[in-house]
Every structure is written in C-alpha cells, then in structure tokens.
Amino acid sequence: MTVTIPKFPLGKGIEAIIDFFTDHFAFITKGISKVAGASIDALVNGMLAVPPWLMILFFAGLALWLSGRRIALFTLGGLLFIWNLGLWAPTVSTIALVLIATLVAVTLGVPIGILAALFPGVNRITMPILDFMQTMPAFVYLIPAIPFFGLGPVSAIFSTVIFAMPPAIRLTALGIKQVPEELIEAADAFGSTRKQKLLKLQLPLAAPTIMAGVNQTIMLSLSMVVIAAMIGAGGLGGEVWKAIQRLKPGMGFEAGLGVVIVAIILDRITQKITSRKSVNL
Amino acid sequence: MTEKIKVENLYKVFGKNPSAAIKLLKSGSSKEELLRHHKLAVGINNVSFEINEGEFLVVMGLSGSGKSTLIRCLNRLIEPTAGKVFIDGIDITTLSEEALRQKRLSKFGMVFQRFALFPHRTVLKNTEYGLEVQGVEPAVRRQKAEEALDLVGLKGWEESYPAQLSGGMQQRVGLARALALDPDILLMDEAFSALDPLIRREMQDELLALQGRVNKTIVFITHDLDEALKLGDKIIIMRDGAIVQAGTPEEILTNPADEYVEKFIEDVDVSKILTAESVMHKASAVTFPKDGPKTTLHKMKEVGLSNILVVDKDRRLMGIVSAEAASKLSRDNEKSLESIIDEDVPSVLPSASLQELFAFENFPVAVVDEQKRLKGLVVRGALLAAMAERRISG
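Residue numbers (numbering that gives the first Met the number 0), protein chains in the order written: chain A, 0 to 280; chain B, 0 to 393.
Hints listed in this document are in silico derivations from the structure and should not be mistaken for laboratory results. Accuracy of the hints is not assured; some may be wrong.
Unchecked claim - Pair ranges (Cβ atoms, derived): (1) A/Asn44 <-> B/Ser165: 33 to 43 Å; (2) B/Ser277 <-> A/Glu180: 38 to 48 Å; (3) A/Pro119 <-> B/Gly27: 48 to 58 Å; (4) B/Ser62 <-> A/Arg69: 15 to 25 Å; (5) A/Phe26 <-> B/Pro118: 47 to 57 Å.
Beta carbons: idealized from backbone N, C-alpha and C, even for Gly.
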C-alpha cells in the first residue's frame with residue numbers, strides 16, 4: 000500500500016507570487032528596463048565610438064595611475080590581444096555591464112552593510128537573506144528577471160546585482176564591526192555624535208575591508224555577467240554562449256580568455272587600491 | 000576651594016535586572032552571593048567621594064577592583080546603575096544623551112591605557128579630534144593642537160602617524176589630544192601602565208610639572224602604589240568595587256585602614272615617600288642675632304643642644320651657632336653673635352624625601368619654606384625613628 004503525500008506547493012507558490020508581480024507591476028519594471036536599457040546602450044556605444052587604441056591607452060593609463068607599471072603593462076598587452084582577436088566590441092560591453100552592476104551593488108550594499116553593523120536588528124534580518132542569496136545557484140536568478148525586465152542586458156544586471164551584492168554588504172559590516180572598541184570609546188569620550196563617529200572613525204578604518212568587498216563584488220559581477228549571456232546579456236559571455244551552441248571550442252576558448260584577461264585587470268587594479276589605502280594603518 | 004566632582008552612593012551592577020541587586024547589596028548581601036545566586040556582577044558598590052578643583056585624585060586597586068568602571072561612570076561611558084555623579088553641581092546621571100555629549104565635549108579630556116589613538120590620522124589630526132568634533136575652525140584648532148603638542152614635547156612630530164611613534168610618544172599624543180580641548184577634568188585610565196618603567200617615571204614627572212602649569216582636576220587610575228603616592232594629592236584605594244580607604248598619601252602610609260591596604264604599602268620604600276615635614280621637630284629653641292652669646296648659651300642649655308639655629312625677626316634662617324663658639328664669644332665679652340654665625344647650615348624644603356635627608360652628614364637639618372622661613376628641624380634620631388616605626392607597622 001502506498002501513501003502519497005501531496006507535494007508542498009513551493010514552486011507553484013513562488014510562480015504565483017512572480018506572476019502577481021509581473022501582472023501588476025510589469026509596467027514599472029518594463030519602464031525601468033527601457034530607461035536602463037537605453038542608458039546601457041548609450042554607455043556601450045559611447046565607449047565603442049572611441050577608437051579602440053585610444054580606449055586601450057586610456058585603460059592602461061588608469062591602471063598606471065591607480066596601481067603601477069606592471070599592471071599597466073599587462074592591461075596594455077591584454078587589451079591589445081583582445082582587440083587583435085576581434086573581441087573588442089563584446090569586451091567593451093562586458094566591462095560596461097560589470098561597471099554598472101558593481102555601481103548599483105555597491106551603492107545599495109555599502110549603506111545596508113553600515114546599517115547592519117550599527118543596528119543588531121538589521122544585522123539579524125540581513126545575514127540570513129545574504130546566506131540565501133549566496134547559496135542559491137546563480138542561474139535561478141535569471142528566470143524571474145525575464146518576466147520583469149525582458150530578455151537583454153537589464154535582466155542581466157538585475158540578476159548580477161543580486162548575486163554580487165552580498166560581499167559588499169558583508170565586508171562593509173565586518174569592517175565597521177572590526178573597529179576596536181577602545182577607539183569607539185575614545186570617540187565617545189570626546190563627545191562625538193553617531194555621524195561623526197561613522198565618518199571620522201568607522202568608515203575610514205573600515206575602508207580597506209570595504210574595498211576588499213568591492214573587489215569581490217566586481218569579480219562576482221564579471222562571472223555573473225558571463226552567465227547572464229543565457230538571457231541575452233551579450234558581451235564576452237554571449238560569444239562563449241554562441242560557441243557552445245555551435246560546438247566551436249576554439250571560439251569558446253578565445254572568448255573565455257578574454258574574460259580571464261578582463262578579470263585579472265579588474266582584480267589587480269582594485270586590489271592595489273585596497274592595499275594602498277591601508278598603508279597607514 | 001570649589002567642589003568639582005562629587006560622587007554619591009554610586010553603584011554599578013552588570014547583568015540582567017541590576018536594580019534588584021542594589022536592594023540586595025543594601026540589605027547586606029556580598030558580591031560573591033550576588034554572583035553565585037543571581038548571576039549579577041558588582042562593578043561599583045556604594046562609592047562616594049568628592050574632588051576639589053585643581054586636585055589630583057588617584058584611584059588605586061588591583062585589576063577587577065572596579066577602578067576602571069568607576070572612572071567611566073564619571074563621564075557615563077558606563078551607565079551607573081544607581082547613585083549620583085555631580086560635575087560642577089550638575090547631576091550628570093540625569094542628563095539626556097545630547098546634554099551628556101555636550102558635557103563630555105566641554106568638561107572632560109580622557110587618556111587611555113592603550114592610548115586609543117586613531118591610526119588613520121596624523122599626530123596633529125589626532126590632537127585636533129576633540130576640537131573637530133566641537134566644530135572649531137580649522138585654523139584655530141590647528142593652533143590649539145600645536146600648542147598642546149608643544150606642551151607634551153612633541154613639536155615636530157605633527158605629520159607622523161601613531162604607528163611610527165614609540166609607546167611613550169603615543170601616550171604623549173593621547174595626553175595632547177585630551178589637553179587640546181582645555182578640559183576642566185582629565186580622566187586618566189591607567190595612562191602610564193603600558194609604558195616601560197623609565198619612560199613611565201619620566202611621564203609622571205612631566206604630568207606633575209604640567210599639572211603645576213595648567214592646574215586641571217585630575218582623576219588618575221593606577222594599580223601601582225608608587226605611582227599613586229607620587230602623583231596623588233588624595234588617594235582612594237578600592238577593593239571589590241568599594242572604597243577601602245581614602246586619604247592623602249601620608250595618611251595611607253602612616254595609618255593603613257586594613258590588611259588589604261597594609262599589603263599594598265608593604266613594598267613601598269618609605270624613605271622615598273615620607274617627607275621632611277612629617278619627621279621634623281618644631282624648632283622650639285632658636286636664637287636671634289640681637290641675642291647675646293649668654294642668652295644663646297642659656298637657650299641651648301635648656302633644650303640640651305650643642306648648637307642652635309639663628310633666625311631673623313621674620314623667622315628667616317640665617318645660620319647656626321655652636322655652643323663652643325658662643326662660649327668663646329662670651330669669655331671675650333662680645334655682645335653680638337654676628338661674627339660667629341655659620342651660614343653654611345644644611346636646609347631642605349618641607350617636601351624633601353627622607354632619602355634626600357639621609358644624604359646629609361651634618362645634623363640637624365633645617366626645614367625651610369620657599370621664603371627661607373624656618374619650619375622645623377630634623378635631627379638624625381628622629382629620622383631613624385621614623386624609618387624604624389614604619390618597618391615595624393609595615
């Protein structure tokens with residue numbers, strides 16, 4: 000005799016919620032999508048309007064200014080190689096997506112992290128949500144993005160932000176909590192307000208940790224932007240995706256190498272900023 | 000002298016429902032009982048004291064005796080459970096958060112055991128911190144910070160970072176940071192405990208010299224009796240959150256309240272602490288220049304001394320006359336003592352330590368104030384007696 004226990008309608012429930020949101024709020028999300036899509040296009044087109052060699056020199060100069068000669072040389076060589084492989088346009092669009100996603104993730108993540116560090120209540124709510132966000136397979140975020148924002152880069156950025164934001168929140172909170180109690184006490188003893196403590200003490204001392212979080216967010220954004228090619232994000236991920244569909248390993252490898260080069264450049268530059276900031280501590 | 004700080008029946012109990020603990024403490028429960036049966040830790044147990052303006056109070060006790068908690072209750076870095084803390088007559092335990100912040104800004108400077116300097120700020124920026132919080136103009140606060148740094152002897156280090164300085168220098172920055180605000184009250188929580196002995200002594204001397212110039216009300220926490228005796232006008236000895244004894248350094252040395260205090264003072268080198276004032280005798284017999292040799296000899300005979308101090312009409316010390324010289328003068332029928340006054344008489348200030356007194360070969364040693372007025376004299380016997388007495392009672 001078999002007893003069938005009815006399946007708990009978790010999936011159905013989630014779908015109902017998402018349907019509800021798409022039915023009632025799609026006009027908002029689609030509106031956002033249009034505006035955001037247009038600005039992403041404008042950014043990418045703007046970057047593509049500049050001759051590639053000038054853009055490459057600009058990036059190399061930026062690397063030189065922010066982190067030093069070795070990384071600048073690597074940036075110059077790496078990007079020239081990408082140009083040579085004919086992957087310049089998808090690379091530019093990938094970098095643009097990463098920059099936008101990181102900007103959104105950091106703008107949201109750092110304040111949330113500050114709140115979580117200062118208020119135990121906020122911390123209790125955010126930390127489990129972050130655990131959830133980080134362990135849920137990244138692909139799953141792609142699915143609800145489509146009904147909200149439609150296929151394309153805006154959906155990609157939406158899911159990328161969700162995927163890449165946790166380290167910005169966590170490391171901001173960690174950095175602030177790590178400020179030694181005795182320094183907080185000293186600041187209190189001199190009559191600092193909460194705001195003064197935050198701006199003059201906690202944030203400056205947490206800066207290296209926060210920068211490490213930003214670095215992590217950038218790296219996670221890059222990996223997610225590549226995956227998001229499946230919902231039409233384009234860029235280097237799009238090239239990889241095409242190579243998979245056409246079973247062209249060479250093409251896939253070239254695009255993959257492009258991702259690696261971009262990753263190394265972004266990582267080294269942001270890491271250098273982190274360590275440079277912490278010299279005096 | 001005006002009263003600067005007054006603490007009345009102060010309690011601090013850590014744990015849940017601390018106010019219940021106050022009742023238990025008042026009804027005679029011990030600290031151990033509270034901890035065992037109620038999971039409540041008593042930090043401060045019914046402490047009351049006053050400090051006058053310009054006074055240097057040292058709070059002493061072993062670690063865990065509640066002295067750090069006590070100093071933090073004075074500016075409410077730790078919230079007292081019960082009792083009152085008056086600063087300039089205002090009970091700060093009743094102040095709102097904002098009013099308290101204002102009080103901290105205007106009244107208190109605090110120096111911490113482990114310096115608590117801001118590592119991302121230069122020495123100058125650290126010193127400016129309190130002024131910056133007050134919203135003082137950049138030019139003004141820079142000037143005040145530079146003055147404070149000058150005061151602690153750190154001119155020229157303005158642009159260094161704390162990590163580049165030695166411990167002693169870091170604590171000077173801590174002191175400058177507190178002084179830059181020109182606070183009425185300096186709270187110093189084991190400020191010199193983390194420094195090595197040599198630097199520590201140097202800092203103590205400097206603090207005393209500084210106190211002479213700026214005249215703040217200072218509350219200084221230490222676990223070191225030598226430091227307490229050296230610095231304090233008044234000493235409070237704490238144990239288990241309560242005051243065991245309060246008094247001047249000499250009161251504590253000469254009259255320890257109980258075994259706990261006695262243990263503390265056992266190792267103190269008395270010769271460094273007891274002063275000339277405490278062992279001197281009243282100079283009952285002195286002579287004046289107008290006195291003839293006969294009168295002088297008579298005075299000596301009366302007290303049984305072989306020499307006598309000569310003072311002018313304002314009791315200013317002029318010198319010493321020996322019986323031998325006086326009798327020779329008397330035989331020669333001279334009327335004035337002037338010719339035989341030996342001006343080379345050893346003299347010390349009342350605050351001189353016994354150690355300094357032992358350095359003299361000729362006794363008696365005259366004790367004179369800054370105007371050279373005779374206060375008393377120390378004979379060798381009294382010196383030894385004072386030492387012996389302390390040995391026995393210690």
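Which of the listed hints are broken here? The structure conflicts with hints 1, 3, 4, although it agrees with all the remaining ones.
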